[in-house]
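Peer 1: Chain B: place on chain A using the hints.
Line order of the protein sequences matches chains A and B. The first sequence runs contiguously to residue 266 in the UniProt record's numbering. The second sequence runs contiguously to residue 235 in the UniProt record's numbering.
By construction, these hints were calculated from the structure, which means they are not laboratory data. Owing to the predicted nature of the structure, the values given are computational and were not obtained by experimental measurement. Keep in mind that a hint or two might mislead.
On the chain A side, residues computed to face chain B include the following (Cβ under 7 Å) [said to hold, decoys possible]: (1) L208; (2) S211; (3) P252; (4) Q253; (5) I261; (6) R264.
Sample of chain B residues with no beta-carbon within 10 Å of chain A, all distances over it, derived [claimed, not checked]: (7) S109; (8) G119; (9) G215.
Here are the simulated lysine to any residue pairs, SDA-like style, with alpha carbons at most 25 Å apart [claimed, not checked]: (10) A:K247 / B:R129; (11) A:K247 / B:A75; (12) A:K247 / B:N204; (13) A:K141 / A:R130; (14) A:K247 / B:R74; (15) A:K247 / B:S6; (16) A:K247 / B:R69; (17) A:K247 / B:D219.
The C-beta atom is built at its ideal place from N, Cα and C for all residues, glycine as well.
Here's the letter readout for the chains.
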Amino acid sequence: MEDMVHVDRAMSTEQDIKISAKGVQVHYADTHAIRDVDVDIDDKTVTAFIGPSGCGKSTFLRCINRMNDTIDIARVTGDIRIDGEDIYDPKVDPVQLRAKVGMVFQKPNPFPKSIYDNVAYGPKIHGLARNKADLDEIVEKSLRKAALWDEAKDRLTAPGTGLSGGQQQRLCIARAIATAPEVLLMDEPCSALDPIATAQVEELIDELRRSFSVVIVTHSMQQAARVSQKTAFFHLGNLVEYDDTDKIFTNPQDPRTESYISGRIG
Amino acid sequence: MNEHISSAYDRDLEGITTLIMKMGGLVEEAILKAAKSLADRDVELAEEVREGDKVIDAIEIQINEEAARTIALRAPVSKDLRSVLTVLRLAASLERIGDYAKNIAKRTSVLVEMNPVNGSDAALRRMAREVEQMLKDTLDSYIRGDADLAEDVRQRDQEVDQMYNALFREFLTFMMEDPRNITACMHLHFMAKNIERMGDLTTNMAEQVIYQVTGEMPDEARPKGDKTAYVTDPS
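With the rest of the complex left out, here is chain A (with noise of 0.2 Å):
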């Protein structure tokens, strides 16, 4: 099973653009937070962002589903695009560009209802679902997208908050598929889970780039270069290195990413 993994990995090459960003600028009242980034993310590849604290990885990925318009002081500019589209556009609602831009957080964070509910939930308020049973496959389908339908099949009434960390974390990406979305954007979703829950997570996000672009943050390298496919480098607001993932890690060209992966004082 695990080569079936590997052959697919290799077999991805040219790609369909998904998101393209020209120019992106974020300020968070005085401080430039994100300094003219340019970056072109493939369709259904896993894209890591990696970088020190502060370096704005966080920042440019909450761009992607405008995340940061519910921050009073950030400040975003240049031009993002999803499928050529302006996700910026001011006749983009932004709750609709959610929907189709799903996000994992660092910490688990299931709404204090039932298994099912947390899943159904997007769905529902997004009108995806024509009645109960289309509403039950979605659920059905998306903890299995998740592989947390077979621990979570017979208590889906039980609370979401019940389950283990890494269960939580699984429900939380259930949750953020079942409104079928085309990006997947994860702020560090493995920080808060021990080595067994971060390998079925990382198995996961390996499934789910059959169907979406997945774009990962992580502070781990070893996480970024066995889940990812490209990787970017961020350091102090800029985006100092874009390329394959094997590329930046045996092989890089910037002697900051040198430093950074290989653990050196930069």
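Peer 2: Below, chain B alone, put in the same frame as chain A:
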């Protein structure tokens, strides 16, 4: 290159580099001693080379273990990963070169019982010196991270090949002149071939150094000078 945040990691990598340099020094010495033992018909020196090979083999095992430990504990990436891969290959090549030196020493012990063949000892010794110099430069290029010097070594292998071609023809002539020379010449030819192979292995090491420094293996074909595969009767 800056230091690692973990100083123990730096110490580990430096420790392996030190082992490579130590092994390289012993192999250089083995080449020179093997050639000298032949020229001086010195059986004791030849025996010293054969004994010395055990130390070289032991260091190779130690390098392999240290490299495996570093991979397991530090998960090296980028330049660090290339360093670890490089020491593994350098150690393997050095071990082979050491074996060839040992083989020359073995044949020396046999050759001293026979009549010397005119002038061949000196030619072999020159060839061995050239290879030893190439190896020295390769080790220097490794420790200094000097890809230009490594490339220079890579180009010099054809000189060794030419020396080998010349000796090959010379041995053929000696054997045709007097069949009583055949046994000695066969041994001498294997010695020459051993030195020629040392040159090839040294070239591989130089290429590995280029990989460590630049991240890419040199791909253009290097000049090859060994033409003996096409030799027919001397005319």
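Peer 1: Please go over all the hints and tell whether each is borne out by the structure.
Peer 2: Evaluation of the provided hints:
1. The restraint placing A:L208 at the interface with chain B is violated, with a minimum CB-CB distance near 25 Å, outside the 7 Å limit.
2. Checking A:S211 against chain B: minimum C-beta separation of about 30 Å lies over 7 Å; hint violated.
3. Taking 7 Å as the C-beta contact cut-off toward chain B, the hint placing A:P252 at the interface holds, the least distance being around 6 Å.
4. A distance limit of 7 Å between C-beta atoms decides the matter here; for A:Q253 the minimum to chain B is near 9 Å, and the interface restraint is violated.
5. Hint on A:I261 holds. Least Cβ distance to chain B is approximately 5 Å, under the 7 Å limit.
6. Contact between A:R264 and chain B, as hinted, is supported at the beta carbon level, the nearest pair being about 4 Å apart and thus within 7 Å.
7. Every Cβ of chain A is farther than 10 Å from the Cβ of B:S109; the closest lies at roughly 47 Å, confirming the non-interface assignment.
8. Under the 10 Å C-beta cut-off, the non-interface status given to B:G119 relative to chain A holds; the minimum distance is some 49 Å.
9. Distance check on B:G215: its Cβ comes as close as 3 Å (rounded) to a Cβ of chain A, failing to clear the 10 Å threshold; non-interface status is violated.
10. At roughly 40 Å between alpha-carbon atoms, A:K247 and B:R129 are farther apart than 25 Å, so this suggested pair is violated.
11. Of the pairs offered as hints, the one joining A:K247 and B:A75 holds, with about 16 Å between alpha carbons and a cut-off of 25 Å not exceeded.
12. Simply put, A:K247 and B:N204 have alpha-carbon atoms about 24 Å apart, close enough for the 25 Å limit, and the pair holds.
13. A hinted pair counts as satisfied when its Cα atoms are at most 25 Å apart, and A:K141 with A:R130 qualifies at roughly 16 Å.
14. Among the hinted pairs, A:K247 with B:R74 is consistent with the structure: their alpha-carbon atoms are about 19 Å apart, no more than 25 Å.
15. For the given pair, A:K247 sits about 24 Å from B:S6 by alpha-carbon distance, which is consistent with the 25 Å threshold.
16. Between the alpha carbons of A:K247 and B:R69 the distance comes to roughly 24 Å, so the proposed pair stays at or under 25 Å and holds.
17. Taken as a hint, the A:K247 and B:D219 pair is honoured in the structure, with Cα atoms around 18 Å apart against an allowance of 25 Å.
Figure legend: structure checked against the earlier numbered hints; hints not met, in rising order: 1, 2, 4, 9, 10.
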